[in-house]
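There are 2 protein chains.
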Amino acid sequence: MNIPRTSFPRVVIIGGGFAGVSLAKKLSKQEVQVVLLDKHNYHTFQPLLYQVSTGGLEPDSIAYPIRKILKDFPNFHFRLANVEEINTEAKKVITDIGTLKFDYLVVASGSKTNYFGNTEIEKNSMAMKTIPQSLNLRSLILENFEDALLTSDLNERNALMNFVIVGGGPTGVELAGALAEIKKGILPKDYPDLDTRMAQIHIIQSGDCVLKGMSDKASAKAEDFLEKLGVHIWKNVRVTNYDGKSVTTNSDLTFETATLIWAAGVKGATIKGLDASEFITRGNRILVNEFNQVKGFNHIFAVGDVAFMETEEYPEGFPMMAQPAIQQGKQLGENMLRLIEGKPMKPFEYKDKGAMATIGRNKAVVDLPRFKFQGVLAWYVWMFVHLFFLIGFRNRMVVFVNWVYNYIRFDREARLIITPFKRTLKSKF
Amino acid sequence: MNIPRTSFPRVVIIGGGFAGVSLAKKLSKQEVQVVLLDKHNYHTFQPLLYQVSTGGLEPDSIAYPIRKILKDFPNFHFRLANVEEINTEAKKVITDIGTLKFDYLVVASGSKTNYFGNTEIEKNSMAMKTIPQSLNLRSLILENFEDALLTSDLNERNALMNFVIVGGGPTGVELAGALAEIKKGILPKDYPDLDTRMAQIHIIQSGDCVLKGMSDKASAKAEDFLEKLGVHIWKNVRVTNYDGKSVTTNSDLTFETATLIWAAGVKGATIKGLDASEFITRGNRILVNEFNQVKGFNHIFAVGDVAFMETEEYPEGFPMMAQPAIQQGKQLGENMLRLIEGKPMKPFEYKDKGAMATIGRNKAVVDLPRFKFQGVLAWYVWMFVHLFFLIGFRNRMVVFVNWVYNYIRFDREARLIITPFKRTLKSKF
Numbered sequence: 126m127n128i129p130r131t132s133f134p135r136v137v138i139i140g141g142g143f144a145g146v147s148l149a150k151k152l153s154k155q156e157v158q159v160v161l162l163d164k165h166n167y168h169t170f171q172p173l174l175y176q177v178s179t180g181g182l183e184p185d186s187i188a189y190p191i192r193k194i195l196k197d198f199p200n201f202h203f204r205l206a207n208v209e210e211i212n213t214e215a216k217k218v219i220t221d222i223g224t225l226k227f228d229y230l231v232v233a234s235g236s237k238t239n240y241f242g243n244t245e246i247e248k249n250s251m252a253m254k255t256i257p258q259s260l261n262l263r264s265l266i267l268e269n270f271e272d273a274l275l276t277s278d279l280n281e282r283n284a285l286m287n288f289v290i291v292g293g294g295p296t297g298v299e300l301a302g303a304l305a306e307i308k309k310g311i312l313p314k315d316y317p318d319l320d321t322r323m324a325q326i327h328i329i330q331s332g333d334c335v336l337k338g339m340s341d342k343a344s345a346k347a348e349d350f351l352e353k354l355g356v357h358i359w360k361n362v363r364v365t366n367y368d369g370k371s372v373t374t375n376s377d378l379t380f381e382t383a384t385l386i387w388a389a390g391v392k393g394a395t396i397k398g399l400d401a402s403e404f405i406t407r408g409n410r411i412l413v414n415e416f417n418q419v420k421g422f423n424h425i426f427a428v429g430d431v432a433f434m435e436t437e438e439y440p441e442g443f444p445m446m447a448q449p450a451i452q453q454g455k456q457l458g459e460n461m462l463r464l465i466e467g468k469p470m471k472p473f474e475y476k477d478k479g480a481m482a483t484i485g486r487n488k489a490v491v492d493l494p495r496f497k498f499q500g501v502l503a504w505y506v507w508m509f510v511h512l513f514f515l516i517g518f519r520n521r522m523v524v525f526v527n528w529v530y531n532y533i534r535f536d537r538e539a540r541l542i543i544t545p546f547k548r549t550l551k552s553k554f
Numbered sequence: 126m127n128i129p130r131t132s133f134p135r136v137v138i139i140g141g142g143f144a145g146v147s148l149a150k151k152l153s154k155q156e157v158q159v160v161l162l163d164k165h166n167y168h169t170f171q172p173l174l175y176q177v178s179t180g181g182l183e184p185d186s187i188a189y190p191i192r193k194i195l196k197d198f199p200n201f202h203f204r205l206a207n208v209e210e211i212n213t214e215a216k217k218v219i220t221d222i223g224t225l226k227f228d229y230l231v232v233a234s235g236s237k238t239n240y241f242g243n244t245e246i247e248k249n250s251m252a253m254k255t256i257p258q259s260l261n262l263r264s265l266i267l268e269n270f271e272d273a274l275l276t277s278d279l280n281e282r283n284a285l286m287n288f289v290i291v292g293g294g295p296t297g298v299e300l301a302g303a304l305a306e307i308k309k310g311i312l313p314k315d316y317p318d319l320d321t322r323m324a325q326i327h328i329i330q331s332g333d334c335v336l337k338g339m340s341d342k343a344s345a346k347a348e349d350f351l352e353k354l355g356v357h358i359w360k361n362v363r364v365t366n367y368d369g370k371s372v373t374t375n376s377d378l379t380f381e382t383a384t385l386i387w388a389a390g391v392k393g394a395t396i397k398g399l400d401a402s403e404f405i406t407r408g409n410r411i412l413v414n415e416f417n418q419v420k421g422f423n424h425i426f427a428v429g430d431v432a433f434m435e436t437e438e439y440p441e442g443f444p445m446m447a448q449p450a451i452q453q454g455k456q457l458g459e460n461m462l463r464l465i466e467g468k469p470m471k472p473f474e475y476k477d478k479g480a481m482a483t484i485g486r487n488k489a490v491v492d493l494p495r496f497k498f499q500g501v502l503a504w505y506v507w508m509f510v511h512l513f514f515l516i517g518f519r520n521r522m523v524v525f526v527n528w529v530y531n532y533i534r535f536d537r538e539a540r541l542i543i544t545p546f547k548r549t550l551k552s553k554f
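Residue numbers (our numbering), protein chains in the order written: chain A, 126 to 554; chain B, 126 to 554.
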């Protein structure tokens, strides 16, 4: 890669997610050269991906061009690249667009869907970790309803209208709530020829509650909200397989569905060269010390979802979500400057700002460190916080316009099949 | 297709563009069963496609779910289908999802890009007639700049940054203007490592002026605006070939470019069964009488771009744009009801409402039947008219927010490579 060397040390950051971008921002006005690599040219606001999948928002309102985030900063370089390997000895990253030397390396590659080794599920299910995946899900949901119109086989029609979500975390809960609202508010008008009441939404949860990471109150209330919306919650059930038609579980339960959404877990998106067992710990995450340094290296770091920092309060590492990533990115920025100047680094301390999830209109749950509440107020807080954390004024405005409209009209207008995901059309009449 | 027959006559409409949708609206509250077929589940507001290609708008602001447009009307059925053939004898349309009988058929299939038989150009160039095509062009433009960063071959870099637009109609002119503004306002910030001044935008025009269908004043002023924006206009030049690298013309002129946008013409999108020479006339359009009836049939009609109606004032048929399509759709709706009731139909009369094109900020040309003007006022009128004709309140709001933002900030934030179009990356360093 032809990026000219300067007299400043070069920091290569792999990944433009929450961690990578907050780190780059911290470093951007300093005497370092920053090279950020990402396989997309945009930063994704992942917490709202489920709204893209369900036609509530278009990608541009939750994506932001990475080049634009850092356009005013000198010494910043972005390259659209897929990192294939890290050579820690030679201080090089090897990518699909060439090799790049680094002085400091930060792995901020995030997480990817964890199928726990089940390739059949991986092949047949839908994930929702990226914008292209979310758009595929949006297309599939709509295509399924179009196909349901074409079949006279009742079982097939039901399978096309059923949705099975595996995993009762925030992603699963928020998606289930959105699907339930679509079922109620949009499908009967869009598909008067179909008995859309037959569409069912299931959450399958291996543990004994949804939103496991949140308070018992939040968890119970979320369950209550979901049930009011008609979502079926199956607890203590583990999905064992999905062949594209039938979901089997460790119990007698089976489900016939054309759409299985796998939101059952994530794992660190490690990279060859730093994926040996000496670096990796639980959840396929890279073990780091309190300065986010990778074991055995002074100049290689990991932050965000891919990093595993064990603390007394978090023996299983920090939760894999936005806040720890943002905080680590910022702190590492400061620490790297200290390191470069020969000053001692400060250990990272995670400030838990709470967690929240929305289930539907006027229905959300919020756990703040000192205050937990649910319902309408929680829903407003959820919206406000998400608008606040979105990058860019225009994005906020567009999301705001869409939310107000969707709220007033009980609608989601981005129900467009722009890129068809399937077009099986098995049935010919 | 399992659409139940009712006692009402069945009208099958092929195509959910301007003509098909205005016709369906007219028929929707009447005693007819309407079946609308389209290969997309949305209506596209084609006049703003160039803004999708250039990152100014996302698809959802110019697309509208067809099911939603007609959701409140009984007797309306939509099917996502690709029509393969029309059997005029048996009164059937054959589609990829089955066969459908009709009592009345309306072909509103619009137009498609006309390559005048040059398959090499068809293979290597980009078109901009649909949303997926426009998104592909958006991706390609951005990918080219990412690739330009990677090459040290100066000729290759120039080819990646050059854009050649064939055709000086509204599409070519509006796209060229938008690209010129991107070159000026966005590229230098996004790509500080590139000398983006070297990016060139060319319009190649076979005739002796741009915007041929408009007044001489509009045409001259548009040319003036384009030149001020740094766009090169080549008149009386005909492109003879494009192999993906070099554009050859009927003169000595050649252009090296990785992006050729073909906006040189359209032709009727005819359908097998109605494409015999007895039905087809100039521009591959279906010859219709003053009631939009296809020659030899009482119950088969064509409207919009695909229809060719010869009148004294328009010996070459009506211009292939939104207004004739909308007006024909409405009028045909009324005529079909008259026909069904046994009343005489009224001949179609086209009311020319004028034409307009925008070149850039504060730069547009407007030809109204009695009044022609250019510049800032024309630009406001252009915006107002386009906002007015967009379907849906939310779409208008989202477009408005984007336009205000883009105007104030000289920006276009949807510069996202969501679905990569190419990822050649020939160069490795």
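For the record, the hints were derived by calculation from the structure and aren't laboratory data.
Treat the hints with care, since some could be wrong.
Pairs of lysine-lysine residues, derived as BS3-like cross-links and limited to a Cα-Cα distance of at most 27 Å, are as follows [as the list claims (entries may be wrong)]:
| hint | chain 1 | residue 1 | chain 2 | residue 2 |
| --- | --- | --- | --- | --- |
| 1 | A | K154 | A | K226 |
| 2 | A | K164 | B | K337 |
| 3 | B | K314 | A | K150 |
| 4 | B | K455 | B | K471 |
| 5 | B | K314 | A | K196 |
| 6 | B | K151 | A | K314 |
| 7 | A | K254 | A | K547 |
| 8 | B | K151 | B | K216 |
| 9 | B | K455 | A | K547 |
| 10 | B | K309 | A | K193 |
Here is how each hint holds up against the structure:
1. A:K154 - A:K226: 21 Å, holds
2. A:K164 - B:K337: Measuring from Cα to Cα gives roughly 43 Å; hence the hint is violated.
3. B:K314 - A:K150: 16 Å, holds
4. B:K455 - B:K471: With Cα atoms ~12 Å apart, K455 (chain B) and K471 (chain B) stay inside 27 Å; holds.
5. B:K314 - A:K196: With Cα atoms ~6 Å apart, K314 (chain B) and K196 (chain A) stay inside 27 Å; holds.
6. B:K151 - A:K314: 19 Å, holds
7. A:K254 - A:K547: 19 Å, holds
8. B:K151 - B:K216: This hinted pair holds, its Cα atoms lying about 23 Å apart.
9. B:K455 - A:K547: Violated, at roughly 35 Å.
10. B:K309 - A:K193: 15 Å, holds
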